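Which chain is which? The protein sequence lines are A and B, in order. One point on numbering: in this note's numbering, the residue at position 4 of the first sequence is 4, and numbering is uninterrupted. Offset between the second sequence (1-based) and this note's numbering: plus 1000.
Heads up, some of the hints might be wrong.
Which bits of chain B does chain A cover? Going by a derived footprint, with three or more residues having C-beta under 8 Å, they are [what the hints assert, rightly or not]:
#1 1050-1061
#2 1066-1073
#3 1198-1212
Pair ranges (Cβ atoms, derived) [claimed, not checked]:
#4 B:1076 - A:182: 49 to 55 Å
#5 B:1045 - A:197: 35 to 41 Å
#6 B:1076 - A:149: 25 to 31 Å
#7 A:131 - B:1223: 47 to 53 Å
#8 A:186 - B:1195: 41 to 47 Å
#9 A:175 - B:1172: 56 to 62 Å
#10 A:151 - B:1035: 16 to 22 Å
#11 B:1230 - A:178: 37 to 43 Å
These are computed hints drawn from the structure, not numbers from a lab. Source: prediction; values computed, not measured. No residue lacks a Cβ here, since even glycine has one placed at the ideal position from N, Cα and C.
What follows is the residue order along each chain.
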Amino acid sequence: MALSPEPPSSSPDTSTGLDVLLGRVALGDRLALRALYDQVVPKLFGLALRITRRRDWAEDVVQESFVSIWHHAADYRPQVAAPMTWMTTIVRNRALDCLRRAHTARLASAASLEDTPEADLADEHDGPAELAQASEQARALNRCLQRLDGPQREAVVLAYLQDLSHAELAARLRVPLGTIKSWIRRGLEKLRACLEATP
Amino acid sequence: MNLARHPDLLDRMAAQYALGVLRGGARRRMEQMARQEPAVRVAIAHWQARLAGVAELQARAVPVEAVWCGIERRLGWKADPPEAQPTRTTGWRHVWQAASFWRGATAAMTVIALIAVIATIGLGPERRPSPSTVVALLQSQQSRAAMLVSWDPTGPALVVRRLDDLKLTNQQVLQLWALPVDGKPQSLGVIGRARQVRLPLATLPANVPTLAVSIEPLGGSTNPDGPSGPVVFHGALLKSPR
């Protein structure tokens, strides 16, 4: 699926794989970074938005992430992680760092952050568009996530995306701590069983 | 308690640690056990890899084009935009508002920006974009990106960067070959075991559609007609540099 509306015409092979683009980025090819951006930014921005829940922060996170990708593309190893996994990990770490900084700033100034309502946690993870660029491993995870009960899935996904503790999850989802612990434990156990059953 | 002897409990704790829900003492205990027990590290890494997929499953959103401009600015590819209108109310106001002043100031700022860019390029680390062009991406036998070959005309040299994690013994090196349409393979140089090397070369041999890499003994192939060891990577030459 071609995602780049305007591939740079001077770049000879914009339809090439993400690992090839990353390789060219590692060698300082600016057109390759732009081609990579065109292909993956909707995915990365969507993730940043999901974690930070603020557009301006998500924009910052994506910019920081691409600077990081530019400087660290040479460290990318195709054997360790799929390109999309590598990039989404960078974005998640940046976004969590952004949340932590905001949290510190809020404690310091005692000003209240905009309390955005919880992002829509409806079942949006099975659309073909969301899966178009996902790695094999992510697709397998998706299949197994779909088999969890709604609340278990919601708790696991939210915990991971926003790096929340049991107590923070309980406060966010407004359920007792014991319930959260049980959702997480059972959710992870089912995930393991499912992932091990489907190679 | 030795978690490594209780695989079920280890897996459950590793999963929760990787998910990020453990805090305080529970988290510190896991970290301490991970330092001591390889099995704990493996279990955590396994779950981290599994859960990383969550980040790939979120809905897309398209950012405004200004986001790309911000990336270019952060990388120093573009100068910062001029600051917002200054507010001066002293006797400087006339000068401040005069068009000629602004023309001069803009010119000066452009010069400063140019100097900054030149200084950055001059002093920048090796990761600054070089004038080299990628000429080949070699793939492993498993069709994975294994090596990038680019041409630096200022050398002139081929710049080879390894992406693979092939294990070589102390007695093995990699060697780069040009495979002409007709004729014997020509050695382009011994890469050795480094992740990145420059192979000085006046020009690429003509009529070469393919490059290949073989594993050779120290010093390179002992066969005058081509590789003596197995070819591990190969790929097409994307475009011939001048």
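Results of checking the hints against the structure:
1. 1050-1061: With 12 residues close enough to chain A, the hint holds.
2. 1066-1073: holds (count 5)
3. 1198-1212: Three-residue rule not met by the stretch 1198-1212 of chain B, so violated; n is 0.
4. B:1076 - A:182: 49 to 55 Å: 51 Å, holds
5. B:1045 - A:197: 35 to 41 Å: 21 Å, violated
6. B:1076 - A:149: 25 to 31 Å: Given a distance of about 50 Å, which is not inside 25 to 31 Å, the answer is violated.
7. A:131 - B:1223: 47 to 53 Å: 48 Å, holds
8. A:186 - B:1195: 41 to 47 Å: Because 45 Å falls inside the window, the suggested range holds.
9. A:175 - B:1172: 56 to 62 Å: 58 Å, holds
10. A:151 - B:1035: 16 to 22 Å: 35 Å, violated
11. B:1230 - A:178: 37 to 43 Å: 59 Å, violated
Going through the hint list in order, the structure does not satisfy hints 3, 5, 6, 10 and 11.
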